[in-house]
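Trainee: Line by line, the protein sequences give chains C and H.
Take the first sequence: its position 66, counting from 1, is numbered 66 in this note's numbering, and each next residue is one higher.
Take the second sequence: its position 30, counting from 1, is numbered 30 in this note's numbering, and each next residue is one higher.
If you are wondering where the hints come from, they were derived from the structure by calculation, not from laboratory data.
All clues given are correct.
Here are the in silico distance ranges between beta carbons for each label pair:
| no. | chain 1 | residue 1 | chain 2 | residue 2 | range |
| --- | --- | --- | --- | --- | --- |
| 1 | H | Ser12 | C | Arg22 | 31 to 37 angstroms |
| 2 | C | Gly74 | H | Gly25 | 31 to 37 angstroms |
| 3 | C | Lys218 | H | Lys29 | 36 to 42 angstroms |
| 4 | H | Arg54 | C | Glu289 | 25 to 31 angstroms |
| 5 | H | Lys29 | C | Ala305 | 33 to 39 angstroms |
Anything over 10 angstroms on all C-beta distances counts as not near chain C; from chain H, calculated:
| no. | residue |
| --- | --- |
| 6 | Gly26 |
| 7 | Asp58 |
| 8 | Arg61 |
| 9 | Arg62 |
| 10 | Gln67 |
| 11 | Trp94 |
| 12 | Arg95 |
| 13 | Arg101 |
| 14 | Ala106 |
| 15 | Arg107 |
| 16 | Ser109 |
| 17 | Leu113 |
| 18 | Gln126 |
| 19 | Gln128 |
| 20 | Thr130 |
| 21 | Glu131 |
All C-beta atoms, glycine included, are put in the ideal place defined by N, C-alpha and C.
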Amino acid sequence: MMAFQHSQASHCESGVMASMLRHHGLPLSEPMTFGLASALSFAYLPIVKINGLPLVGYRMPPKFIIKGLQKPLGLKMRFETFRQPAAGVARLNELLDAGQVVGLQTSVFWLPYLPADLRFHFNAHNVLAFGRDRASGDYLLSDPVAETPVSCAPADLQRARFAKGVLAPKGLLYYPVGKPQTPDWQKVLPAAIKKTTRIMLDAPLPIIGVRGIRRLAKAIERLDAKNDAARTKLFIGQVVRMQEEIGTGGGGFRFIYASFLQEAAELLARPALNELAEQLIDIGDEWREFALLTARQIRDRDPLAPAALADKLRLIAEREHGFFHALRRAA
Amino acid sequence: MLDSEVPQEGNSTLAGHKKAVYARGGDGKMHLVQSAGWEVEEIVTRQAVDDLLRMTEDARRRVEAGQTSALEYHMHRVRMDIPLLAQASGIWQWRIRRHFRPAVFARLSPRLLGRYAEAMGLTVDQLQKTE
Numbered sequence: 001m002m003a004f005q006h007s008q009a010s011h012c013e014s015g016v017m018a019s020m021l022r023h024h025g026l027p028l029s030e031p032m033t034f035g036l037a038s039a040l041s042f043a044y045l046p047i048v049k050i051n052g053l054p055l056v057g058y059r060m061p062p063k064f065i066i067k068g069l070q071k072p073l074g075l076k077m078r079f080e081t082f083r084q085p086a087a088g089v090a091r092l093n094e095l096l097d098a099g100q101v102v103g104l105q106t107s108v109f110w111l112p113y114l115p116a117d118l119r120f121h122f123n124a125h126n127v128l129a130f131g132r133d134r135a136s137g138d139y140l141l142s143d144p145v146a147e148t149p150v151s152c153a154p155a156d157l158q159r160a161r162f163a164k165g166v167l168a169p170k171g172l173l174y175y176p177v178g179k180p181q182t183p184d185w186q187k188v189l190p191a192a193i194k195k196t197t198r199i200m201l202d203a204p205l206p207i208i209g210v211r212g213i214r215r216l217a218k219a220i221e222r223l224d225a226k227n228d229a230a231r232t233k234l235f236i237g238q239v240v241r242m243q244e245e246i247g248t249g250g251g252g253f254r255f256i257y258a259s260f261l262q263e264a265a266e267l268l269a270r271p272a273l274n275e276l277a278e279q280l281i282d283i284g285d286e287w288r289e290f291a292l293l294t295a296r297q298i299r300d301r302d303p304l305a306p307a308a309l310a311d312k313l314r315l316i317a318e319r320e321h322g323f324f325h326a327l328r329r330a331a
Numbered sequence: 001m002l003d004s005e006v007p008q009e010g011n012s013t014l015a016g017h018k019k020a021v022y023a024r025g026g027d028g029k030m031h032l033v034q035s036a037g038w039e040v041e042e043i044v045t046r047q048a049v050d051d052l053l054r055m056t057e058d059a060r061r062r063v064e065a066g067q068t069s070a071l072e073y074h075m076h077r078v079r080m081d082i083p084l085l086a087q088a089s090g091i092w093q094w095r096i097r098r099h100f101r102p103a104v105f106a107r108l109s110p111r112l113l114g115r116y117a118e119a120m121g122l123t124v125d126q127l128q129k130t131e
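Chain C extracted, bound-state conformation (with noise of 0.2 angstroms):
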């Protein structure tokens, strides 16, 4: 068996995804297999509720990155789902016995190796698996966002991969079939670039893209901060809490595309993609103001002023829309 090397990543689909080329032979980094992917997005979905809380999404959904690798790198993924945890369970040992990397979707609140406080329900965390110890029968995982592998006992990597609710896993396994081939990058990134400029300013639907920061504006100003404290506060933080939390690389994964637009610019010789890089750099810190000033309304350190932040999304809005009109010209 080829001897796996582990990495960190501040994704966990880009990072599994990574790490799984570079084991077939051919590294790509995380930014790269997050643009190539087109994963750059905004969503705000009032009508999916995460504890009684809207959906609020700075990336595509889950599954976006591993399938949409296949048609740029020539490769093929296989994926299985189980309805008997037994057939999952059977099937990863399977693979792994014939030295085979195995992707799982996951739930990261039965991941025991994680912080306490971070395990909340949440079911498209991406793992891989390379091996097992065979004294105690425990999986070698590669979980992209901890610094070194991990282990985990069977029964409860066999709960994390069966959970139940939102993005139920079913035991999702994945591989690929063949190997993957160093694309024509004059053909492939632009496409992917163009790709991410019509998401976030074509989506036919007023809640994706640019629209969708201008929509979530507009629902944090209707909060009702004088009446309800409380839940005004839970809002606000839960939109900070999906775009800042474990996995994101920060600035809502706008500072991993612009990594990937100075990859690109290199690989096409386009030093304006450079130039878009710094801007989206830029943009990332906005997000990280918007984080740190909803925060100071949380802890009542600034006074709880939904239209402030609501002013703060409007303009990162009306940035987003010109870089990725800009963008759209560049690619």
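Model the placement of chain H on the given structure of chain C, informed by the hints.
Mentor: For chain H alone, coordinates are given in the frame of chain C:
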């Protein structure tokens, strides 16, 4: 964000773990930098955890006052809500609400207790107590 600006102030909710974020180096290139934690993240994570703890503690008090069953206490303790517990156990939401009544919960069949316990990763014995 410059790599010198990556927050290193610590974040108790990370329990000593470090996370990796992308930041701009002196050469202008983005690269991965380890962060010991940002207070902003600590505040928003703590906020969510505290809210869950508050609901758990509130349920525990109501169990002691005989107003709800240990089932509700454990549901909050494992950070679930009624829709998630319903999906995890395969028991309808209205039945779960009914099982929050102490008298009803006390008469639950071992089979139903087993399903709740399994869904929450507890033993039946643990499920019936609020330790």
